[in-house]
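In case you want the letters, here they are:
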Amino acid sequence: QKEVEQNSGPLSVPEGAIASLNCTYSDRGSQSFFWYRQYSGKSPELIMFIYSNGDKEDGRFTAQLNKASQYVSLLIRDSQPSDSATYLCAVNWGGGADGLTFGKGTHLIIQP
Amino acid sequence: DVKVTQSSRYLVKRTGEKVFLECVQDMDHENMFWYRQDPGLGLRLIYFSYDVKMKEKGDIPEGYSVSREKKERFSLILESASTNQTSMYLCASSFPTGDYGYTFGSGTRLTVV
Numbered sequence: 001q002k003e004v005e006q007n008s009g010p011l012s013v014p015e016g017a018i019a020s021l022n023c024t025y026s027d028r029g030s031q032s033f034f035w036y037r038q039y040s041g042k043s044p045e046l047i048m049f050i051y052s053n054g055d056k057e058d059g060r061f062t063a064q065l066n067k068a069s070q071y072v073s074l075l076i077r078d079s080q081p082s083d084s085a086t087y088l089c090a091v092n093w094g095g096g097a098d099g100l101t102f103g104k105g106t107h108l109i110i111q112p
Numbered sequence: 113d114v115k116v117t118q119s120s121r122y123l124v125k126r127t128g129e130k131v132f133l134e135c136v137q138d139m140d141h142e143n144m145f146w147y148r149q150d151p152g153l154g155l156r157l158i159y160f161s162y163d164v165k166m167k168e169k170g171d172i173p174e175g176y177s178v179s180r181e182k183k184e185r186f187s188l189i190l191e192s193a194s195t196n197q198t199s200m201y202l203c204a205s206s207f208p209t210g211d212y213g214y215t216f217g218s219g220t221r222l223t224v225v
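Here the protein sequences line up with chains A and B, keeping their order.
Under our numbering, the first sequence is numbered contiguously, ending at residue 112.
Under our numbering, the second sequence is numbered contiguously, ending at residue 225.
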């Protein structure tokens, strides 16, 4: 059973600080990794993807991948109240058409 | 702007009704998916399709069926709606390998009374 694990939270971070969201996955052969942001009552929106070990930066967001330890993280710098949302981690095992496996998400609250 | 469009944002149906949820994408994606999302349970895959007229069961197909007659359209059918099918339904599409992730529709909040 391929699994993606996230701490459900809520994770509370003061405005302006760095928010760190973590995700672990069970299959060592996983190929690509995604972070989605989901506001309450809305659908998930892709914000980052990463394929290779190391860091990938996009504006205030940095995705970090460590395949040896089977974890992927998302850092949000200079957190804003508008970053308050649930963040879903998704993993592509690469083995078939059924695509991504999603974690249940971490609820992030940015406190003004 | 590329899009996945779900026909209804909110829907209220009665128990026993046959319900159709429609999803259309304009990205020429081969793969399409139907999920439901419930608090504490995350996204659960109902059905997916990797080609026209092809369909595969996901994790929770019971009580649902799907139809894909055209590449851009993937329909979810609740044969006889029940109250435990009250949920947020999300359609998504992707390229065959999923390497670029999914694009989701805006979702349909279905309430069965």
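If you're looking for bench data, these hints aren't it; they were derived computationally from the structure.
Watch out, some of these pointers could steer you wrong.
As a list, the in silico DSSO-like pairs of lysine-lysine whose alpha-carbon atoms are at most 27 Å apart [stated by the list, open to error]:
no., chain 1, residue 1, chain 2, residue 2
1, A, Lys67, B, Lys183
2, A, Lys56, B, Lys183
3, B, Lys125, B, Lys169
4, B, Lys125, A, Lys42
5, B, Lys115, B, Lys169
6, A, Lys67, A, Lys56
7, A, Lys56, A, Lys104
8, A, Lys2, B, Lys130
9, B, Lys169, B, Lys183
10, A, Lys2, B, Lys125
11, A, Lys104, B, Lys167
12, B, Lys169, B, Lys130
13, A, Lys42, B, Lys115
14, A, Lys42, B, Lys169
15, B, Lys169, A, Lys104
Against the structure, the hints:
1. A:Lys67 to B:Lys183: 35 Å, violated
2. A:Lys56 to B:Lys183: The hint is violated at about 34 Å.
3. B:Lys125 to B:Lys169: 24 Å, holds
4. B:Lys125 to A:Lys42: Holds. Lys125 of chain B to Lys42 of chain A sits at ~21 Å (cutoff 27 Å).
5. B:Lys115 to B:Lys169: 24 Å, holds
6. A:Lys67 to A:Lys56: 14 Å, holds
7. A:Lys56 to A:Lys104: Holds, at roughly 23 Å.
8. A:Lys2 to B:Lys130: The given pair, whose Cα atoms are some 33 Å apart, is violated under the 27 Å limit.
9. B:Lys169 to B:Lys183: The hint holds at about 18 Å.
10. A:Lys2 to B:Lys125: Violated, at about 35 Å.
11. A:Lys104 to B:Lys167: 25 Å, holds
12. B:Lys169 to B:Lys130: 20 Å, holds
13. A:Lys42 to B:Lys115: The hint holds at about 15 Å.
14. A:Lys42 to B:Lys169: 25 Å, holds
15. B:Lys169 to A:Lys104: 20 Å, holds
Violation of the numbered hints given earlier is confined to hints 1, 2, 8 and 10; the remaining hints are satisfied by the structure.
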